[in-house]
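Participant: What follows is each chain in one-letter form.
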Amino acid sequence: DQQVKQNSPSLSVQEGRISILNCDYTNSMFDYFLWYKKYPAEGPTFLISISSIKDKNEDGRFTVFLNKSAKHLSLHIVPSQPGDSAVYFCAASWTGRGSQGNLIFGKGTKLSVKP
Amino acid sequence: GAVVSQHPSRVICKSGTSVKIECRSLDFQATTMFWYRQFPKQSLMLMATSNEGSKATYEQGVEKDKFLINHASLTLSTLTVTSAHPEDSSFYICSAIRGGNGYGYTFGSGTRLTVV
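Just so you know, the protein sequences line up as chains Y and G, in that order.
In this text, residue positions in the first sequence follow our numbering: the first is 1404, and each later residue adds one.
In this text, residue positions in the second sequence follow our numbering: the first is 112, and each later residue adds one.
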């Protein structure tokens, strides 16, 4: 049973346009969400995060939106650049008592930004 | 920023042999480290949580006698794949928690294990 779902395995976007990556989760205990970017044969690198007490967090070209009622979050990249081409993982965690702090990952979405 | 070093980055071993993967936190102390495994086109799956000075906590379905984890110091955790088989071939990634952005999660660069 997958608790974090990224239903789009791939996304292709033109340079300069907006990239929207989606993520759904099922566990209502999750209270912290993160997006990671990963290149082949490398470990994931942190991109942006959001706490469940917020519905939006922005960092430069990257914005994450959280809709708790829908258990849905999305990552917006504006404007998209060819260097953004990578696999993007959505991850979730809960920080409550007894949590070890591990992350639950989605399967990832491969973003291709074309010049 | 926080750096987690993972070694080796790539290893090929014969079936039946053991392989050790090291994960070091270079500029911070990590009481907790995590080991993940990623199969092609799959998500990163948590294998075990490594706690300094105590036994690791394994996820359901992960054989603790096959995947030995040792977290002997605050900066080093090791994962040993014992009696490796071709189905153990995968990408193994460690991570450690430190305070700060991103929930303090920092990942190693991963180890590509191929068992022949």
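These aren't lab readings, by the way, just hints derived from the structure by calculation.
Incorrect hints may appear among the rest.
[Said to hold, decoys possible] Derived lysine-lysine pairs resembling DSSO-like cross-links, with alpha carbons at most 30 Å apart:
hint	chain 1	residue 1	chain 2	residue 2
1	Y	K1471	G	K177
2	Y	K1510	G	K177
3	Y	K1459	Y	K1471
4	Y	K1459	G	K166
5	G	K152	Y	K1471
[What the hints assert, rightly or not] Ranges between beta-carbon positions, derived for each pair:
hint	chain 1	residue 1	chain 2	residue 2	range
6	Y	T1429	G	S194	34 to 40 Å
7	G	Q153	Y	D1462	25 to 31 Å
8	G	H196	Y	K1471	26 to 32 Å
9	Y	N1430	G	G164	26 to 32 Å
10	G	L137	Y	I1421	43 to 49 Å
11	Y	S1477	G	G127	44 to 50 Å
Glycine residues also receive a C-beta, built at the ideal position from the N, C-alpha and C atoms.
Participant: Each of the hints needs a verdict: does it hold here or not?
Facilitator: Do the hints match the structure? See the list:
Between K1471 of chain Y and K177 of chain G, the direct Cα distance comes to roughly 39 Å. Violation of the 30 Å bound is thereby established for this hinted pair. Pair hint K1510 of chain Y plus K177 of chain G holds up; C-alpha atoms about 25 Å apart against a cutoff of 30 Å. Of the supplied pair hints, the one linking K1459 of chain Y and K1471 of chain Y holds, its CA atoms being roughly 11 Å apart against a limit of 30 Å. With a C-alpha separation of about 39 Å, the suggested pair K1459 of chain Y and K166 of chain G falls outside the 30 Å cut-off, and the hint is violated.
Between K152 of chain G and K1471 of chain Y the alpha-carbon distance is near 27 Å, which keeps this suggested pair within the 30 Å criterion. Range check, T1429 of chain Y to S194 of chain G: Cβ separation about 36 Å, and the 34 to 40 Å hint holds. Taking the beta carbon of each, Q153 of chain G and D1462 of chain Y are about 28 Å apart, inside 25 to 31 Å as hinted. One distance hint, 26 to 32 Å for the beta-carbon pair H196 of chain G and K1471 of chain Y, is violated here, with the actual separation near 43 Å.
Taken as a hint, the range 26 to 32 Å holds for the pair N1430 of chain Y and G164 of chain G, whose Cβ atoms sit roughly 30 Å apart. Distance hint for L137 of chain G and I1421 of chain Y: a CB-CB separation of about 37 Å, inconsistent with the stated range 43 to 49 Å. Separated by about 46 Å at the C-beta atoms, S1477 of chain Y and G127 of chain G satisfy the suggested range of 44 to 50 Å.
In the structure shown, a violation is registered for the earlier hints numbered 1, 4, 8, 10, in ascending order.
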